[in-house]
Amino acid sequence: MTFDKNHILLFVLVAAIIAVVLAQSVYFLIKSVRRAKKIGMDKKLVNKTIKTAAIFTIAPAVAIVITIAALSEALGLALPWLRLSVVGSLSYEAVAAANAASGMGTTLASLAESITASQYVTIALVMTVSIMVGIWLVPVVAKKYQNGLVKFENKDKKWSDILQNSLFIGMISAFVGYVFCDVSRLWSEGARYVSSTDKISGETQITEYTATSGLVPVFVMITSAVLMCLCGVLINKLKWKWLNDYALPICMVVGMVSAIPLTALFGGEI
Amino acid sequence: MKNKKQLSYMDSVHRDGTVWNLVIMVILMAFPVAVGLIFRAWPDWEGFAKGILATAPMYWAVGIVEVITFIPMLGAGGSYLSFVTGNISNLKLPCAINALENAKVDVKSEEGEIVSTIAIAVSSIVTTVIIILGVILLAPLKPFMESETLKPAFDQLLPALFGALGVALVSKSWKIAVAPVVLMLILFIFVPALDASTVGIMVPVGVVFTILFSRFLYKKGIL
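Protein sequence lines correspond, in order, to chains A and B. Our numbering applies: residue 12 is where the first sequence begins, and numbers increase by one. Our numbering applies: residue -9 is where the second sequence begins, and numbers increase by one.
Calculated directly from the structure, the hints in this document are not laboratory data. Just so it is clear, the structure is predicted and the values come from calculations on it, not from any experiment. One should not assume that every hint holds.
[Claimed, not checked] Under 7 Å between C-beta atoms, here's a sample of chain B residues computed to sit facing chain A:
1) I104
2) G124
3) I126
4) L184
5) S204
For every residue, glycine included, the Cβ atom is placed at its ideal position computed from N, Cα and C.
Could you put together the complete structure from these sequences and hints?
Okay, here's the thing in structure tokens:
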């Protein structure tokens, strides 16, 4: 059979795998909803959780879809569809694919012209093996790890609650720091020139940014945070309880949209 | 009695999660094998070895740290699902945190375990469906996906997400939050090597520092 990176059989294989992944989510959703009913949890709370999670997911999921286009030129649509639906994210997948191409003495840009079945299989293997850790490690450690946490909680409930909060705050603090990572462009001329390797072509390129471009993410974060505070006031003072379900997605989308005029104001790539 | 029931539900979550994850691991590995068999092509083993050596050590290390860091935040069911469908720190975990905050439950309780699993399952289903629609509609959607006007908005998804999520969590635990936020600001502003590509590595650093700092405050009786 003649190989083509967009061969219909590749789509059939990927669709079958994604169907199984989808089935796992549906299975756990049904299992949790049944358990909620059994232990007498409020049905409204369960429905609200489902609705809120679905609405919240739309914007980040659209952002993931956009990255498929970036990988599809070299690898066709089927493999990026699989990799970005299961485990992957563009930053992982593009690097893994580029490393596999480099290992074969070529680049993704060259493979966009013509890719053989052997090259395709090699890239798929590297991408799959590289990101497999979480899938097998969770079954190995999760039960023992969680049992340990339960025992720990029984010993000191207050510290256990503080520990839980510390986990969340620790993660948030890293992302808050990341938002400020380009602020140094204001005073450091060197920081305005960013050298990067193009993931598709493998070529090194230098991009120049405006001095104020690092302020865009900062003001996006401030916009989103101020709006969240406003939502808190509306929910608590004016009793707009319905807003509780939509506050995070609304603030996130408004924050994202604010990036458009903020980028026009502060500039970006030159 | 209640405790026994709770444990048996959790045991079933771990049992089912293990089976699902191992099955998915096998079928994921079957994809390149099946493509090779169908098109009668062998992998380029030398290219594979070089590609794996360049990619796997860092990804495996990050994967191990992520498992240890995220399991207590995601709960059991949420962990099995999240580590299959991916996009944890930018999608699944914020989604679970938001659901837990709205429901006012702790992920360590059975109610919290259920709420977190429901949120992550729904998020995974919606993401998968949107990606399917994106693949089907790629040609007509391409102008939208490659729009220069919309690019800044999608580039700034994480600041927009963590601004809203951060203010909600930090305001509730500001005593714990001050030191790690200041530390991360200093590191990210003044260490040039820290950028968007290293934020995943800095999450465990932030978590460990915050735990140590909280422990110090707790011992001093400040918390």
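Taking the numbered hints from earlier one at a time, note which ones the structure violates and give those numbers from smallest to largest.
-> The structure breaks only hint 3.
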